[in-house]
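A.B. asks: Starting from the known structure of chain A, arrange chain B on it as the hints suggest.
So the protein sequences, as listed, match chains A and B.
Using our numbering, read the first sequence as starting at 465 and increasing by one per residue.
Using our numbering, read the second sequence as starting at 465 and increasing by one per residue.
Wrong hints could be hidden among the right ones.
Intra- or inter-copy, both count: the list cannot distinguish identical chains.
Unchecked claim - Computed cross-link-like contacts, DSS-like style, restricted to lysine-lysine with a CA-CA straight-line distance of at most 30 Å:
#1 LYS672 <-> LYS749
#2 LYS546 <-> LYS633
#3 LYS556 <-> LYS672
#4 LYS765 <-> LYS672
Read the hints as simulated data drawn from the structure, not as lab findings.
There are 2 protein chains.
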Amino acid sequence: MKNNDAHSLLVVGSLAFDSIETPTGKADDILGGSVSFFSYAASFFTKPRLVAAVGEDFPAEHRTMLAGRGIDLSGLSVEPGKTFRWKGRYHKNMNNRDTLEVHLNVLEHFDPKLPESFRHSSHVFLANSRPATQLKVLEQVKAPKLIMADTMDLWIREFRDELLALLPKIDGLFLNDSEAQLLTGHDNLITAGHAVRKMGPKFVVLKKGEHGAMLISQDGVFVIPAFPTETVVDPTGAGDSFAGGIMGYLASTDDQPPGRLRRAMAYGTVIASLTVEDFGLDRLKRTERKEIDDRLSWYQKMLEF
Amino acid sequence: MKNNDAHSLLVVGSLAFDSIETPTGKADDILGGSVSFFSYAASFFTKPRLVAAVGEDFPAEHRTMLAGRGIDLSGLSVEPGKTFRWKGRYHKNMNNRDTLEVHLNVLEHFDPKLPESFRHSSHVFLANSRPATQLKVLEQVKAPKLIMADTMDLWIREFRDELLALLPKIDGLFLNDSEAQLLTGHDNLITAGHAVRKMGPKFVVLKKGEHGAMLISQDGVFVIPAFPTETVVDPTGAGDSFAGGIMGYLASTDDQPPGRLRRAMAYGTVIASLTVEDFGLDRLKRTERKEIDDRLSWYQKMLEF
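Just chain A, with the same shape it has in the complex:
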């Protein structure tokens, strides 16, 4: 566990109360939001620094739980009003979902301010939010080693110019397959990935859900399957915990072996596979680092032939 500046990981994004219905169960008002999943996943490797806004209704127990994982909450601001709420229902195949309700609440005017102690973070993750907001975060950090960002279809469609202004300023972009196609107009994901790289990022991580992920960089293409599991209880947070596993691992090590990003993606894959086995953070809360390493080693053997 390292948390000096050279191995520091900053995440800026949302905390939320999620209400989720799946074909087999439901959960109400559980802790969600990109930074919950990201920072919890990353906390297996490092002590992430969190920036997010919550409302006055955000209970002390969540704060205690996150702090208990070594997550630095100096950037958690309590704003007048209520915490962001999301309600969604997953389809039978668990790959698609309908958003039933969104209450932005305090997120409506979210203007992230980084504590002075966070400005020299070496690794920065800009969780999904409006690209103009992500740009404001970048103005507050000093020479990070690695900046990665997530985005979504809404920003690609409605705030394309802002997104195009962000892309040259980041090292890596997370996109799911349909977002990559929407952003570039290319159906082939490798072609789409390279087209995104021409817009600025050095590398692109394409998320394909149950079909795994693809890394497109100057070194070419790396593809890994999802960790095979029959136990999909709640897919919420899979993408953010995938990203948290990747960046947590990268922030925790100075090693630069070839394949370091690939190993990071494997860790992300394994942590995401745990996340989906229960609602919200419940499965990760029952996880110790050893289980992650055991699953990684099984996964690694599976891919040998």
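C.D. replies: Here is chain B on its own, set in the frame of chain A:
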């Protein structure tokens, strides 16, 4: 190259003339059909034995080309009438296609008769055809070591009883993801794969197209991604050449290391990735075994982390 009975591979299925339109090109009346792709792919490893029916219009050049690959054509019967024809058009994403024309011609009354010399084949592939026809082939073989079969949505929907009679008599079944879901009613592919195993086969190979493939057996689950490629000219024959690579490799070796089936699937993946790079068999015709092994070794390295 082995072709004694202990390393012999029999394939029974169709030869066809295909007319194909893709978003970027077209080809008319080219050699297609499951056994073309399967036997050509397998011919990199062994000398397959082919059983199929063609019409009087089947040209000598195709016969010469197949024989030149060491494929045993003793089971190729010329029937009165014309060869099976298929015409199809691929959608922009190359994953879906519309069948524009089907002329069964000689296939309408295809009743495969195995030459005496084929009946002791050690490995048998029943390419996609009506399950009753596949069962008739099995009545003619003596104690093969490994029987695998392919099928399609039409048989699952319309001839389910015949298919259920076939399944306990085979070792392995190839299915694509939607067929597995149709056959079992399960969305999760691992669950679906295990449900298929309860119907008879010892293992199931689930084909996910651009997302790779999955092996479900008593040893659990093995998943591999597709070989990443931007060059998809014509996906026709990908599944049959995948199967041909798998069974060709299995028939060619006595080794039983753990992971032999996984290695076979990797070979199938690599050969399928070559097949789709041009129309019909054109790309495989320009391929030598060394290119396959080079691609396999690149692929193997890609999966290391």
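A.B. asks: With reference to the structure, classify each hint as holding or not holding.
C.D. replies: Hints versus structure:
no.: 1; hint: LYS672 <-> LYS749; verdict: within (25 Å within a copy, 33 Å between copies)
no.: 2; hint: LYS546 <-> LYS633; verdict: neither (32 Å within a copy, 63 Å between copies)
no.: 3; hint: LYS556 <-> LYS672; verdict: both (18 Å within a copy, 19 Å between copies)
no.: 4; hint: LYS765 <-> LYS672; verdict: both (22 Å within a copy, 21 Å between copies)
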